[in-house]
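Student: Now for the letters of each chain:
Protein chains: 4
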Amino acid sequence: MAASKKDELIKKMASGELSLHKADEVADPNDAVEIRRMAVEKKTNTSLKNIGATEMDFASIKDKNAENVIGMITVPVGVVGPLKINGAFATGEVYVPMATTEGALIASVGRGIKALNMSGGATVRVIKDGMTRGPVFKFNSILEIEKFLEWLPKNFDRIKFTADKTTQHGRLERIVPYVTGNNVFLRFTYKTGDAMGMNMATVATEAGCSYIEENFKDAKLVAVSGNMCSDKKQSLINSIEGRGKTVVAEALIKEETLKGVFNTSAQAVNEVNFRKNWAGSARAGSSTQFNAHFANTVAAIFAATGQDPAQVVESSGGYTWSELRGRDLYLSVTLTSLEIGTVGGGTGLPTQKESLSIMNVHGSGSPPGSNATKFAEIIAAAVMAGELNLLAALSTRELGKAHQKLGRSKS
Amino acid sequence: MAASKKDELIKKMASGELSLHKADEVADPNDAVEIRRMAVEKKTNTSLKNIGATEMDFASIKDKNAENVIGMITVPVGVVGPLKINGAFATGEVYVPMATTEGALIASVGRGIKALNMSGGATVRVIKDGMTRGPVFKFNSILEIEKFLEWLPKNFDRIKFTADKTTQHGRLERIVPYVTGNNVFLRFTYKTGDAMGMNMATVATEAGCSYIEENFKDAKLVAVSGNMCSDKKQSLINSIEGRGKTVVAEALIKEETLKGVFNTSAQAVNEVNFRKNWAGSARAGSSTQFNAHFANTVAAIFAATGQDPAQVVESSGGYTWSELRGRDLYLSVTLTSLEIGTVGGGTGLPTQKESLSIMNVHGSGSPPGSNATKFAEIIAAAVMAGELNLLAALSTRELGKAHQKLGRSKS
Amino acid sequence: MAASKKDELIKKMASGELSLHKADEVADPNDAVEIRRMAVEKKTNTSLKNIGATEMDFASIKDKNAENVIGMITVPVGVVGPLKINGAFATGEVYVPMATTEGALIASVGRGIKALNMSGGATVRVIKDGMTRGPVFKFNSILEIEKFLEWLPKNFDRIKFTADKTTQHGRLERIVPYVTGNNVFLRFTYKTGDAMGMNMATVATEAGCSYIEENFKDAKLVAVSGNMCSDKKQSLINSIEGRGKTVVAEALIKEETLKGVFNTSAQAVNEVNFRKNWAGSARAGSSTQFNAHFANTVAAIFAATGQDPAQVVESSGGYTWSELRGRDLYLSVTLTSLEIGTVGGGTGLPTQKESLSIMNVHGSGSPPGSNATKFAEIIAAAVMAGELNLLAALSTRELGKAHQKLGRSKS
Amino acid sequence: MAASKKDELIKKMASGELSLHKADEVADPNDAVEIRRMAVEKKTNTSLKNIGATEMDFASIKDKNAENVIGMITVPVGVVGPLKINGAFATGEVYVPMATTEGALIASVGRGIKALNMSGGATVRVIKDGMTRGPVFKFNSILEIEKFLEWLPKNFDRIKFTADKTTQHGRLERIVPYVTGNNVFLRFTYKTGDAMGMNMATVATEAGCSYIEENFKDAKLVAVSGNMCSDKKQSLINSIEGRGKTVVAEALIKEETLKGVFNTSAQAVNEVNFRKNWAGSARAGSSTQFNAHFANTVAAIFAATGQDPAQVVESSGGYTWSELRGRDLYLSVTLTSLEIGTVGGGTGLPTQKESLSIMNVHGSGSPPGSNATKFAEIIAAAVMAGELNLLAALSTRELGKAHQKLGRSKS
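Chains as they are written, first to last, in my numbering: chain A, 1 to 411; chain B, 1 to 411; chain C, 1 to 411; chain D, 1 to 411.
Same shape as in the complex, but just chain A:
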């Protein structure tokens, strides 16, 4: 686009004549990004040169990952590892990328990994898998609901047929009804292969809901998401039933490792775990997160790999369990609702794709779903490393010190 034309459009936008998203109609994706950025600079009297300093081809993002784009945010990414892991799909040694701006976090997981490796590594299994969408219907009366509860299982196959038609990889597994007054929430659960699957589940559920409305006259769809999903919200139903992957990682940490790496003991770590993660979370009413900081590790890996950061909310739900085995420590983490994919969403962006490739989990796996499962195993192992390190650090009172040492000035 000619510079003069560009200038004209920037002026129009800055004056309000051209709205932000209209740039895409009058300019190609890369020009549109520049026009918007310069208009915003003008309006807000700022320089956004770092946001603009990118080689990204914005045509690859348009209509896919973001709108009204003005450039790129950059976030430091580090790696930890190699982490020894004994999963069903992830085996051997793996490096784990973590993107964060919070000092000490990567080092913290790294030290945990060191201790895990000395203990033979992490054993991990995904024990449940399914993406959910929970529409809400309203009915005229409980008498109609009574009939509907009979109708539903008899018509499951037809609803499934209708839903599955909308997607190549998604497969509806079951629908469970929950009644509150004249509202019926239906929790649709899907297998979604290597995709996180929220969007395919939404589209398929919309189709299923249409079938229901057309064939059960008193059922009126209120919303295709009725919060029984529960997407981007923590909930006990997610904890209890699982959403995405339910994963358990475990390790036996030797007395000498606890002493050597952390200068602590099994008993001290175990005590912190119960008084903090169980008594403390219970006392606080933190009803789905009996853990120390699953969220930190999950968020950093999500940021590195193009996962949805809003899903850190429920993906950080779960339990840290420990027990003394002689003078060693048996440790395990259970992530109830880890929502991840290796295709779709932000996984195809240039840097995110590279992060996934470090773990050899980018794209569709063979068999389908195996990449996402492997990725889940790696995350759970890394989460356990983060738990181990923090619990050990707390037991020796070095938390604040760690933050201070890693460059925090007197704040």
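Since the hints were derived computationally from the structure, they do not count as laboratory data.
No false leads were mixed into what you were given.
Copies of the same chain look alike in the list, so a pair counts if it fits in one copy or across any two.
Listed next, the in silico EDC-like pairs over lysine to aspartate or glutamate satisfying Cα-Cα at most 16 Å (straight line):
1. Lys-191 x Asp-164
2. Lys-5 x Glu-34
3. Lys-138 x Glu-323
Could you slot chains B, C and D onto chain A? The hints should help.
Tutor: Then chains B, C and D, alone, in the frame of chain A:
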């Protein structure tokens, strides 16, 4: 560093002789990043050129934002606005940056803003503010705890003096004790100016705890964080008492706006809100999030501005309330625990700093705390825009369609 | 027993020589009661003549309903009704007995019934039914748990065979596993006919657990109740999955009834319902009870009919939903976990049996289970009456007045 | 009343001409009870002779404890003890009355007491005390709420003056506001002496609310109870802040006692406690009840002493904490929200009064409040006995056996 020296270090690292973090001891920050990245490429047989394609000076990050760094992750950032806002600090029109890889999200908030603006904009107030840390102590007996509960308020001033000494900007406001058996959780609450304040609260609380241990002999600190904080975990105590900022935004959406922008009505939106956000969240046991998708908007603004993404967990807690006022819709969002800062953490990174500057909230405000408060007001208004748009879209059944239209292939 | 012998035993007991429960070994049940009561009178220098003023034959209670008995507590019982009800089993008009010492409660439900009757009565359906027991097992490793999760469904029939053998009326319906670290909770669900069924479920589950331990070597039973039941504790799993009966009652209350009986309007009642029962319960973290006072009505009917008062805890869980239908009010209550029986427990005691007979639900129904289902329908209808009255009373600000009028002196 | 007159009234009532509560207008209290009972017998074709077999003078109940009374329900009451207790008010040995129809419960607590006594008894303290009422107000806008939050503390003294005037014993201690959208919940907390205090709190709060409405024009009372109380509902706010009495009991159970009384060990009991009461309650989403069966003991003492059985719901909330001290077991129970009184409610009924007198806690204490505090200490100690026994029984797998032995036929 000479290329040959670099090659040698890369080989050493790839062979396991040199661990990832040791690179910082033998090379300058920028070389260390390159060495690590190339070693990981070698070990994992990958190309990480996009992660490496950055002009970042890694010396500015070292010991501050990340460890074991290999480069930068890039995430698209878009802007929405201008958003009309009537806050105590944010007034007039503002553009809001959002970084995301999830298509449709930015457009969704943008459309909500359009409707809010037509309704006179968002009215917002921060009604509570304080960062917390909740250590856990153990005691020998309830008889000692009984004495401690008397001792504590009498010694608050001394504990405060000790804690406040560790920080320039933090001020301890109060300590509330919670007893479970022989565990006593103390919730320390601080004013932290424009910083999110978690680290200063940790350091100050460690000092406070030391004072307590030295002066009340039966009190034994188990962990400086006992999960009563609750940091990076959702909890009812955060909902009930607030953590970070508690913010309320509201607007009156006119009948014609609902019709014109969304082709819906106040009654339809209100119905979705109650059946989904209230009945649905209750049914799911989503006990701190009676909302549709606070997390989406919060996560995207956090990613753009260098906030801690793990704190999306509790920062997305809150309530969407609506009521019919004639044929118009009164809408409000209450974010109970919005944890943000305009200094510290990732706010100083090049692109994140620019995002904050778009809203004119980078750095320390005058008076101190005013930038963070203004930022909180803007986030709450944007969150309300996101809620309005999603509830309206659900009421007209266009959710899946929206995702499909924005470039999702048949997934 | 000779009076002198009795005196001797009383003295022995008062002196501590004879413990309370040993009386049953040396005296017949009625004498034992007297001996204990007189010994306690002596020791505590009290007169317990009212507790002793009973015609009860204590032989019928011994080894069945209570131990160390000294007499009977008497509680006033009133009746409300006739209540018009349209259930699957309860139809027509029914009187409902309520035992309580809290003034105004019975009158409150009575007034609600008046309004329900004017609206055609209550429509009620039990939509789910099953008693649960949730043992906890521990395993050595997640690898064993992985195998166990495959083993369990394959061996369900054998476990069921073993469990069902222990009971005439109980039938094991399903077992659902929930994993937390190396703990596996198994939720056994039973049909229990007209019995509440907790004891038969316990005995049957013990048998099932023994089968599991014997046939899956790594599974070690920790406790036959692992709190996933959840008995006598509120829990989201009870809300989500139901325990005992899940019942919904509904009615359409006419504008003129609301005006005539309560001097209120549909809108006023609806507003109280949402601001109190939904916003209020959410704000308080009352995560299983989005209602006003289910517990009051449930407790009073339980007390009258020999149900377990500790189960009021979860039996009072549920939702009060309302909506405006023109100027009328659609109201419904959903009790998620109503745990009741018409045989067993306290249902066979003289006065409790009579209370059940008032509703024609004493003993085993034909078909089995029909009496308990009918009883559940009646309770739900009465609970709705109590909700309607309280919400209406709150909407016109007469709560405190009601209590004051009904004989409360200035307290 | 003449028999013929009585017969006439019975017929009228049976025919529906005379409603149940109208009997009180045409007959004295005792005749009214008889008329109602006989009318119900006639209508339902039942015999209610046991309900009628009472010497109660119903004039003492009328307008005070129940309405539409037809007689008395009788419930067996047993005693356990003597229990050694070291409280602030309860010291020495005490017998505890429990009314129940559930076999094995009294024996269970009795055995627990035996073990506690061998360990030196229970040490108990009430650490918090206050009855609450939580009205909900609505406002036009958050701007008005902002002003109100400033206004409220400045006007506390006047509101307190108005509230306290309505009661002799109640004293308003504080009001805490909680905002959700345009709703403001105010949690009023009172000292209520020896009364449970719910009614005095309601009346006083109504007065306080009237003052607020009159003096802050935008505040509109929606309901004097907005569920933030939370009365007869479990809630995290009750757990976190306490309601009624917060009590902690503790004991050190010796290895030999655990072996001698229960044939178990500290380690076995501790393991059951953590896997069941902590992992299990967490897994089930039983967010306020990390205990085994507080509800059982609480309900039975409540039934014996005229407490409100609907308040078992929150009075059974709390935590069972244990730890190994060498080979002994440190055990404690924390009841967060024990709502009890020794005056008012059902405490003045003949048998209930006698139950209270057994513990020497009937009526007003000196100083005021001391009887209720003493009573709370006794309940907590008994609850701990019940926990100890059940955990020990589970650890040796004798739960079902216990029920079977105590007279349960094959059910």
